[in-house]
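Asks: With these hints in hand, go ahead and build the complete structure from the sequences.
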Amino acid sequence: MKSKEEHFREIVSAQQERVWNICRHYARSQDDIKDLQQEVMINVWRNLGSFRGESLLSTWIYRIAVNTCLGYILKENRRSAFTLSMDNKGIDDLMQTDETPEKIEYEQQLSLLHDAINRLTVIDKLLISLAIEKIPTKEMAEIIGITEPNVRTKLHRIREDLRKMLKGGNYES
Amino acid sequence: MNHNNEMENRNQAIDVDSLVSRMQKEDSRNKRMMRSVFYLYIFCTVFYAGLFIINPDPELTTYDRLGGLFYVLAFLTGTFFFRREYHTLKNTDYTLPLFQLLKTNEVRYRFFSWKWIIILLILLLIDVGISLSFLNPGRLMQFTILEKLVIIQGVFWSVMVAAGIVGYFLWKKRSYPIWKDSKTLLDELKA
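Which chain is which? The protein sequence lines are R and A, in order. Residue 1003 is where the first sequence starts when you use the working numbering, and the numbers rise one by one after that. Residue 4 is where the second sequence starts when you use the working numbering, and the numbers rise one by one after that.
Some hints could be false.
[To be verified] Below, computed lysine-lysine pairings styled on DSS-like, alpha-carbon distance capped at 25 Å:
{"#": "1", "chain 1": "R", "residue 1": "Lys1006", "chain 2": "A", "residue 2": "Lys93"}
{"#": "2", "chain 1": "A", "residue 1": "Lys186", "chain 2": "A", "residue 2": "Lys93"}
{"#": "3", "chain 1": "A", "residue 1": "Lys93", "chain 2": "A", "residue 2": "Lys175"}
{"#": "4", "chain 1": "A", "residue 1": "Lys93", "chain 2": "A", "residue 2": "Lys176"}
{"#": "5", "chain 1": "A", "residue 1": "Lys106", "chain 2": "R", "residue 2": "Lys1140"}
{"#": "6", "chain 1": "A", "residue 1": "Lys193", "chain 2": "R", "residue 2": "Lys1136"}
{"#": "7", "chain 1": "A", "residue 1": "Lys176", "chain 2": "A", "residue 2": "Lys28"}
{"#": "8", "chain 1": "A", "residue 1": "Lys176", "chain 2": "A", "residue 2": "Lys118"}
{"#": "9", "chain 1": "R", "residue 1": "Lys1006", "chain 2": "A", "residue 2": "Lys28"}
{"#": "10", "chain 1": "A", "residue 1": "Lys151", "chain 2": "A", "residue 2": "Lys34"}
{"#": "11", "chain 1": "A", "residue 1": "Lys186", "chain 2": "A", "residue 2": "Lys106"}
{"#": "12", "chain 1": "A", "residue 1": "Lys186", "chain 2": "A", "residue 2": "Lys118"}
{"#": "13", "chain 1": "R", "residue 1": "Lys1140", "chain 2": "A", "residue 2": "Lys193"}
{"#": "14", "chain 1": "R", "residue 1": "Lys1166", "chain 2": "A", "residue 2": "Lys193"}
{"#": "15", "chain 1": "A", "residue 1": "Lys106", "chain 2": "A", "residue 2": "Lys93"}
{"#": "16", "chain 1": "R", "residue 1": "Lys1036", "chain 2": "R", "residue 2": "Lys1006"}
{"#": "17", "chain 1": "R", "residue 1": "Lys1036", "chain 2": "A", "residue 2": "Lys28"}
{"#": "18", "chain 1": "A", "residue 1": "Lys34", "chain 2": "A", "residue 2": "Lys183"}
[Said to hold, decoys possible] Calculated from the model, a selection of chain R residues having no Cβ within reach of chain A, i.e. all distances over 10 Å:
{"#": "19", "residue": "Arg1065"}
{"#": "20", "residue": "His1116"}
{"#": "21", "residue": "Leu1164"}
{"#": "22", "residue": "Arg1165"}
{"#": "23", "residue": "Met1167"}
The hints are simulated quantities; they were obtained by calculation from the structure and are not laboratory data. Being a predicted model, the structure only gives us computed values, none of them experimental. All C-beta atoms, glycine included, are put in the ideal place defined by N, C-alpha and C.
Replies: What follows is the structure in structure tokens.
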């Protein structure tokens, strides 16, 4: 029988990176990401007793991460909290960059995308952060508590919004 | 100067005051309060039952005993109500999916809810108890029954309204930001 400490230590080592990946979209500096990640882990520790195994442990931890990060966005500036990292492969899927002509510089595109994402609502930003982390829509539905078709519809709408915004951005530039 | 601003910004950013943390802080404070009120109500139930119902003192009139019965009923209702509230707060699940968490918050942190009916019932029972105690012919003899009623109701409800206003400001300061954020996010999710 594992003690609570042992169980928690296992969770930390297994999920730390995933939590970091979610947190990095909401905090500006490495220190802030570390603080936010720590806050998520504190909430995991506090609620460990309530985990009944009805969902995957990773889904449960994502839920806590999402609920914690949301409050952080609300406290920080709602419009400028999102951060994109250039090394994230999920961004390619999000914007389907294989369709984008190669002549457009990737960095410029990323900067435009970053600005566009920051114009989205808090919930849309949240969905995008999960999509960037390549979380399946089924798991996203479990994390957020809405149906899978609803997640897909919202993601489709967000992608459309982002494309429109990016077109506008390119046109203006 | 710049260095100070930088430090200030950094400190503000480091203060991770998330929605869940704010909820936990607020719930923990409310939980402590509910537990204290629960014990106070148990004490009052036993005290008033002993003083007005069990007490064999022959000087206690029917008005006193009836009044005491209403006090006991009020405190007994309050005991069950605050016990339920305490257990609800104790068993709050902060790991619910976002939509459910926000939906629960929107109900839990709103100012007006069904709980007001229970609180109003407790106040009405206390009001009847006080009124019966003072309608006792041996008390406030210089006033007529109608005058006694007007004075008792005026004083009692003035105090209760004042308490309600204080409660509203406390809610506005502590719970309203959580309710407002939850409501905004819930509306965004529903859209």
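Asks: Does each hint fit the structure? Answer for all of them.
Replies: Here's how the hints hold up against the structure:
1. R:Lys1006 - A:Lys93: holds, 20 Å
2. A:Lys186 - A:Lys93: holds, 23 Å
3. A:Lys93 - A:Lys175: With Cα atoms ~23 Å apart, Lys93 of chain A and Lys175 of chain A stay inside 25 Å; holds.
4. A:Lys93 - A:Lys176: Holds, at about 22 Å.
5. A:Lys106 - R:Lys1140: At roughly 21 Å apart (the allowed maximum being 25 Å), Lys1140 of chain R and Lys106 of chain A satisfy the hint.
6. A:Lys193 - R:Lys1136: holds, 23 Å
7. A:Lys176 - A:Lys28: holds, 13 Å
8. A:Lys176 - A:Lys118: Answer holds: Lys176 of chain A to Lys118 of chain A is near 20 Å, not above 25 Å.
9. R:Lys1006 - A:Lys28: Roughly 23 Å separates the two Cα atoms, so the pair holds.
10. A:Lys151 - A:Lys34: Distance of about 38 Å is beyond 25 Å: violated.
11. A:Lys186 - A:Lys106: Given pair Lys186 of chain A, Lys106 of chain A holds - Cα atoms ~8 Å apart, limit 25 Å.
12. A:Lys186 - A:Lys118: Satisfied, since the Cα-Cα distance of roughly 20 Å is no more than 25 Å.
13. R:Lys1140 - A:Lys193: holds, 18 Å
14. R:Lys1166 - A:Lys193: Holds, because 22 Å separates the two Cα atoms, which is no more than 25 Å.
15. A:Lys106 - A:Lys93: Judged against 25 Å, a Cα distance of about 18 Å means the pair holds.
16. R:Lys1036 - R:Lys1006: Given that 25 Å is the threshold and the Cα spacing comes to 23 Å, the pair holds.
17. R:Lys1036 - A:Lys28: Between Lys1036 of chain R and Lys28 of chain A the Cα gap is close to 22 Å, so the pair holds against 25 Å.
18. A:Lys34 - A:Lys183: Holds, because 21 Å separates the two Cα atoms, which is no more than 25 Å.
19. Arg1065: About 6 Å separates Arg1065 of chain R from the closest Cβ of chain A, which leaves it inside 10 Å; violated.
20. His1116: holds, 19 Å
21. Leu1164: Fine: 17 Å to the nearest Cβ keeps Leu1164 of chain R off the interface.
22. Arg1165: Its Cβ never comes within 10 Å of chain A, the nearest being 19 Å, so this holds.
23. Met1167: holds, 18 Å
Checked against the numbered hints above, the structure violates hints 10, 19; every other hint is satisfied.
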